[in-house]
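Q: Construct all of the structure, not just a fragment, from the sequences and the given hints.
2 protein chains.
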Amino acid sequence: MLSRIGFGRLACAKDSQPYIVPINFSILANDIVAFSTEGRKIDWMRGNPLVCLEVDEIETPQRWKSVIVLGRYHEVTEAAADEAEKVLIHETLQKRAVWWEPGYAKTVLQGEVRPLNPVYFRISIDTITGHSAGD
Amino acid sequence: MLSRIGFGRLACAKDSQPYIVPINFSILANDIVAFSTEGRKIDWMRGNPLVCLEVDEIETPQRWKSVIVLGRYHEVTEAAADEAEKVLIHETLQKRAVWWEPGYAKTVLQGEVRPLNPVYFRISIDTITGHSAGD
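The listed protein sequences correspond, in order, to chains A and B.
Everything in the first sequence is counted per the working numbering, starting at 1 for the first residue and increasing by one.
Everything in the second sequence is counted per the working numbering, starting at 1 for the first residue and increasing by one.
Keep in mind the hints are simulated off the structure, nothing from the lab.
Predicted, not measured: the structure shown is a model, and the values here were computed from it.
Possibly wrong hints are sitting among the right ones.
[Claimed, not checked] Capping the alpha-carbon separation at 27 Å, the derived lysine-lysine pairs in DSSO-like fashion look like this:
1) B:Lys65 to A:Lys14
2) A:Lys65 to B:Lys14
3) A:Lys65 to B:Lys65
4) B:Lys86 to A:Lys14
A: Pasting the structure below:
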């Protein structure tokens, strides 16, 4: 379900204050992978890697599913990522529009859409829980 | 927009670990009001009142709005709430189905739907920020 939907809400926290943003993501080798432009979300996750991702699929009030992931932020730097990983992350993320990132620059070059100063990151999954009704 | 949509994602945090749940809510005198059954969310907000509510409205990738509220949890106890407040909260919340609460019991009595052991709460708004595209 996570892989199919690829869109959810990510929460991070600083000094006990949580913060939520909508996010596009993909799944790669059991991690959640995404990118963002620099900003509050990235600053906070650098300071405290504990995050929560919530994904839901609501067809009707009687028929819905939700998944809640608790995990940890890991920044993927150019230096740390091997070439194969970078290519895979890039290809995976190209499948998702990132229309939604504040400060996102739609630079279309040879069919590619790139964010402005992207920060790539993975979220390793510590726990995953699901709720559903109507199946 | 908050009042019209009445549905979003609420994040709370414990020991730097954020947690997100979907939530139905209403607006009452500039506070967000909602109820829930007992559980992790209520436990965590009792321990740390700082919360974040995110509400969005996505028509297309080019046309969307989101609102992010940072606020504080206040439990509304029978003792603390005056009668007018209780009536107003109750009426306000009756307008929203709470199909979504885990452990929710659909007890329909004279046209009313009541949660099982409800915990009523308000969220006072500290800051509110919005993003949009396509308007």
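Q: Which of the listed hints are not met by the structure?
A: 4
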